Amino acid sequence: MAAPMELSCWGGDWGLPSLHPESLTVMAYAKFSGAPLTVNTINNSWRPPKGDVPVLISEDIVISQPAKILNFLRKQKYNADYELSAKQGADTLAYIALLEEKMLPALLHTFWVEAENYCSVTKPWFASRIAFPLSLYLPGKMSREALNRILLTRGGPPHYSVTEVEAQIYRDAKECLNLLSKRLGTSQFFFGDTPTTLDAFVFGFLAPIYKVCFPRVQLQEHLKQLPNLCRFCDDILTCYFRLTVSGHSPSGQDTADANLQKLTQLVNKESNLIEKMDDNLRKSPQHPPRKLTTLKLAAGGEAGSPLNRLSP
Amino acid sequence: IHLLSTAAEPWPENAALYQQLKEEQILLSDNASSLAVQAFLQMCNLPIRVVCRANAEYMSPSGKLPFIHVGNQVVSELGPIVQFVKAKGHSLSDGLDEVQKAEMKAYMELVNNMLLTAELYLQWCDDVTVEEITHPRYGSPYPWPLNRILSYQKQWEVRRKMKAIGWAGKTLEQVLEDVDQCCQALSQRLGTQPYFFNKQPTELDALVFGHLFTILTTQLTTDELSEKVKNYSNLTAFCRRIEQQYFEGHDKDSSAAGAARSAKRSLLR
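Going line by line, the protein sequences match chains B and F.
Sequential numbering of the first sequence, starting at 1, is according to the UniProt record's numbering.
Sequential numbering of the second sequence, starting at 1, is according to the UniProt record's numbering.
Just so you know, the hints here were simulated from the structure itself, not pulled from any lab data.
This one's a predicted model, so the numbers in the text were calculated from it and none came from an experiment.
In this text, a Cβ means the ideal position worked out from N, Cα and C, and glycines have one as well.
One should not assume that every hint holds.
Claimed, not checked - Heads up, incomplete: computed chain B residues facing chain F, CB under 8 Å, no partners named:
1. D81
2. L84
3. K87
4. D91
5. A94
6. Y95
7. K102
8. N148
9. R149
10. T153
11. K182
Claimed, not checked - With the Cβ distance kept under 7 Å, some of the chain B side facing chain F (calculated, not the full set):
12. D60
13. A90
14. A97
15. L179
16. R183
With the rest of the complex left out, here is chain B (with noise of 0.2 Å):
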């Protein structure tokens, strides 16, 4: 069996199991290929979260970029991808190239450079997980960063202010959504009907700003109008992180699920405890398991299972 390992990322909310893209690409790379992360989220304690979360420590070993951890997931035999062509294996790395050029300066400056989104809802979000005084300092040091990577990579002439180059950021990010819709088409996930390391890239990307309740709101709004990639984000946290849609207790379902929702939610403190019963769960399948067969038993066995052995 392969060492344990340890996800240290950037907690969620609103629906989400992280707001912050690269962490958020990880943990659903994790669930694709069924590999047991223990996710322990950022909070109040002393231990500051370095510049570059995520952080993946398995033993002594310490993975920082969500490329490198990709790569020693599948090394560890975790590989989301054995299915996939040559020619697909390319064409993933293209797109993940598209994403960054095109999507993540825009995703950047909705998070950290919009006044009144940064004020409103990133800083006080991301303060308030990081220890006093650090919190004081280090979401302002990643707003500025964030300025910096889009002025760099993105300003110069002809922009010459900062409305000009954020026009054209935003302008890209959308073509970037439409092509990305276009790829897409009809299909469940971007290589037909199990999901890859494209899908964690795409949905890291693009659930934050699908979900995340900020003041302005043009990058959301145009996700919006494509209704096959908020149906692909939708999918992708129903299946896979066991959340509904909304995020929220649903009201008008029965009480296993709401247990099942009490639960979830507390995946992020004890998901060592968690993971422990579903493999003993995992043996005793209750229920045939849903549409998403072709994954490995994990994934299957969580769905049904915890509903019987884990109501109170």
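On the provided structure of chain B, position chain F as indicated by the hints.
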């Protein structure tokens, strides 16, 4: 770009492409970008002559090279040039469907994201290359101390950008790994087809040709970069094919053919 006015005028005979001095000054990344634009224009059958100026970088409207001077319009960089040419009614990618166009754009971003950034890294962040090749070449048209000042300034700018996108912490081996990954992806996508979208070349082919041909034919302090590309025989065959088809079939006087030939060594084994 004022699309309405440009559409009205046909492509003039004296269209010019500006880049830095070929023999002494131009660097790997700029040569690649310039060759990509030249290849694109050749594929569209639009005549262009290459003009070399030491201060081309400062003449460019965006500070990046190459730029073209057509009629009374000045447009720089491949992306805007493709749009400009499209407004004049020439396009290589009209025959593609929506999904293919998305793929093409994605692969172009891959080349920019990985290959171009790797070239910039090699030129400006690898100390050996910087000392032996970049600094002497970049400021060569200018007297001392201006040449050193200009190249240090540019180096500082590029290093800032590398730091912002997270490449500053990479070692040369990691950068070469990335180049290899990118070439592998391009090679797998190309497969056995003559061009990326089968029979007809597109701007993606021009871009890939520009970068790969330059990497293959430029002498650096080590051969590691070109070795990475040479590992993929269909990519070298692709470059040879485009070189033959678009750069050797023209007059000896044509500057475009001259650009391909004046690269340090040709692809002939």
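Evaluation of the provided hints:
no. : hint : verdict
1   : D81  : 13 Å, violated
2   : L84  : 11 Å, violated
3   : K87  : 5 Å, holds
4   : D91  : 7 Å, holds
5   : A94  : 4 Å, holds
6   : Y95  : 5 Å, holds
7   : K102 : 7 Å, holds
8   : N148 : 5 Å, holds
9   : R149 : 4 Å, holds
10  : T153 : 6 Å, holds
11  : K182 : 5 Å, holds
12  : D60  : 20 Å, violated
13  : A90  : 4 Å, holds
14  : A97  : 4 Å, holds
15  : L179 : 4 Å, holds
16  : R183 : 5 Å, holds
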